[in-house]
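With these hints in hand, go ahead and build the complete structure from the sequences.
In order, the protein sequence lines correspond to chains A and B.
Our numbering numbers the first residue of the first sequence as -1 and each following residue consecutively.
Our numbering numbers the first residue of the second sequence as 13 and each following residue consecutively.
Think of the hints as simulated: they come from the structure by calculation, not from any bench.
Keep in mind that the hints are not guaranteed to be accurate.
What the hints assert, rightly or not - Simulated pairs of lysine to any residue, SDA-like, Cα-Cα distance not exceeding 25 Å: (1) K85/B to E154/A; (2) K157/A to L97/B; (3) K76/B to Q74/A.
Source: prediction; values computed, not measured.
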Amino acid sequence: MPDFLLNALLAGLALALVAGPLGSFVVWRRMAYFGDTLSHSALLGVALGLMLEVNLTLAVIVCCVLLAVLLVTLQQRQPLASDTLLGILAHSTLSLGLVSLSFMQDVRIDLMGYLFGDLLAVSPTDLAWIVGGSALVLLALIPLWRPLLAVTVHEELAKVEGLPVAAIRLALMLLIAMVIAVAMKIVGVLLITSLLIIPAAAAQRHARTPEQMALGASLLGLLAVCCGLALSWYQDTPAGPSIVVSAAAIFLLSFAWPRRT
Amino acid sequence: MRPLQERGMNEALIRLDDIHVRFAKQAVLEGAQLQVHRGEIVTLIGPNGAGKTTLVRAVLGLLKPDSGTVWRKPKLRVGYMPQKLNVDPTLPLSVLRFLRLVPGVDRAAALSALNEVGAEHVIDSPLQSVSGGEMQRVLLARALLREPELLVLDEPVQGVDVAGQAELYRLIGRLRERYGCGVLMVSHDLHLVMSATDQVVCLNRHVCCSGHPEQVSADPAFVELFGQDARSLAVYHHQHDHSHDLHGSVVTGKPHVHGPNCKH
Chain A
-1 MPDFLLNALL AGLALALVAG PLGSFVVWRR MAYFGDTLSH SALLGVALGL MLEVNLTLAV
59 IVCCVLLAVL LVTLQQRQPL ASDTLLGILA HSTLSLGLVS LSFMQDVRID LMGYLFGDLL
119 AVSPTDLAWI VGGSALVLLA LIPLWRPLLA VTVHEELAKV EGLPVAAIRL ALMLLIAMVI
179 AVAMKIVGVL LITSLLIIPA AAAQRHARTP EQMALGASLL GLLAVCCGLA LSWYQDTPAG
239 PSIVVSAAAI FLLSFAWPRR T
Chain B
13 MRPLQERGMN EALIRLDDIH VRFAKQAVLE GAQLQVHRGE IVTLIGPNGA GKTTLVRAVL
73 GLLKPDSGTV WRKPKLRVGY MPQKLNVDPT LPLSVLRFLR LVPGVDRAAA LSALNEVGAE
133 HVIDSPLQSV SGGEMQRVLL ARALLREPEL LVLDEPVQGV DVAGQAELYR LIGRLRERYG
193 CGVLMVSHDL HLVMSATDQV VCLNRHVCCS GHPEQVSADP AFVELFGQDA RSLAVYHHQH
253 DHSHDLHGSV VTGKPHVHGP NCKH
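Pasting the structure below:
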């Protein structure tokens, strides 16, 4: 197997592993559009990172977190519905990112790569970031798992029972921001949310516990990455979209699988 | 069972004084006060928009009043039973897992809490599949698992049929006897609460009146003869011998007669 394919495979598998449990929370908490908004803003993070000459992964994480904080503040301060706000922020940050990038004529970047991913061009350094970031998110999820479930079930009940709800929500946003930064190289800012929610949605029908759903989502994500890369390798299709198409096919197949009673 | 006094009934668990809360310049609470003691059942009643839930949220620390003091017994353990639970249908969660979200709870503890509330048969059911009445019991079981000193119940019988309501109130009374905890309840209707409550607080942004329902219909023979409903009706008439307009001011023109415990 050529090196670039191995790198791509490892990067994809690391992402699929962490996207399972985190994506489950995105589904349970109905945060799909929120995830989309954060990922759209990632391009603005890239532009800012290039402008300030800092590490791009770091810039994307910071940008996503700032946007999440801005969103929460806006939700409390004015009467527009959340999805309206998300729509405004998603598209204006994406456009702002594109406009900022166009000003930087001395920087040559592969815009398509950022928008739709460039998995086959993952360098060993990229791979280290992706594997390290995924491992960090997985580790952080272990102590956060039960508090996150409690907050997801009933926020006020969790608060009365003494959980630091605001901090837990912020931690979840931070983790999602990290996964977005990690996943950008793999599927691109426009497709990231699909890797979070499609495997989780596919695993949902057959899961009886939250852990089964999270693990199932990881496994289906791994399968989608393998299928997508195979498709890309043999049919010369773009790798990121191929993975998403594979995930969508798995989702459809999950309906054919008989549900356990 | 020891008398309530010996179990320290007079120990205050919470004390709220002169609570003012405004939402978008609309006064929701204007100088409300509330106390709950150990072993005492206090029921908050009042019309829609009276601020019952707001006052409860202040008790729970979910809302900071604009002014007024909220005192809680230090390290007070609160068991809270919310009005309802909206768990996303995609979250695969059994009743057991839901109860085990309270730290340190194993299957045996969860089962004994469910036994206590008469809902042990749903322990392995998905949370979303239990009926309204069962859900209230499951929520109560979760509150009990916290070994609460204060049990806060926001409309505990919502979505429960009338027979189930009476049973649920009796259950709450039994739990108070058993654990000696204070209970703060919110209720819309009075038909079944009265026989299970020590103190009634009638709220309409301020405390209109409060007192022991027993003092209102003091004669035990009264209850014997007419049953729980009549007793609550007697209190009901006492509570609502005057009416409020949409702004909550007392409507004059009608005779405004105060009961023996009325404070304004």
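How the hints compare with the structure:
With a C-alpha separation of about 20 Å, the suggested pairing of K85/B with E154/A holds against the 25 Å cut-off. For the hint linking K157/A to L97/B, the alpha-carbon distance of about 14 Å falls within 25 Å, and the restraint holds. The suggested pairing of K76/B with Q74/A holds, with an alpha-carbon distance near 15 Å, which does not exceed 25 Å.
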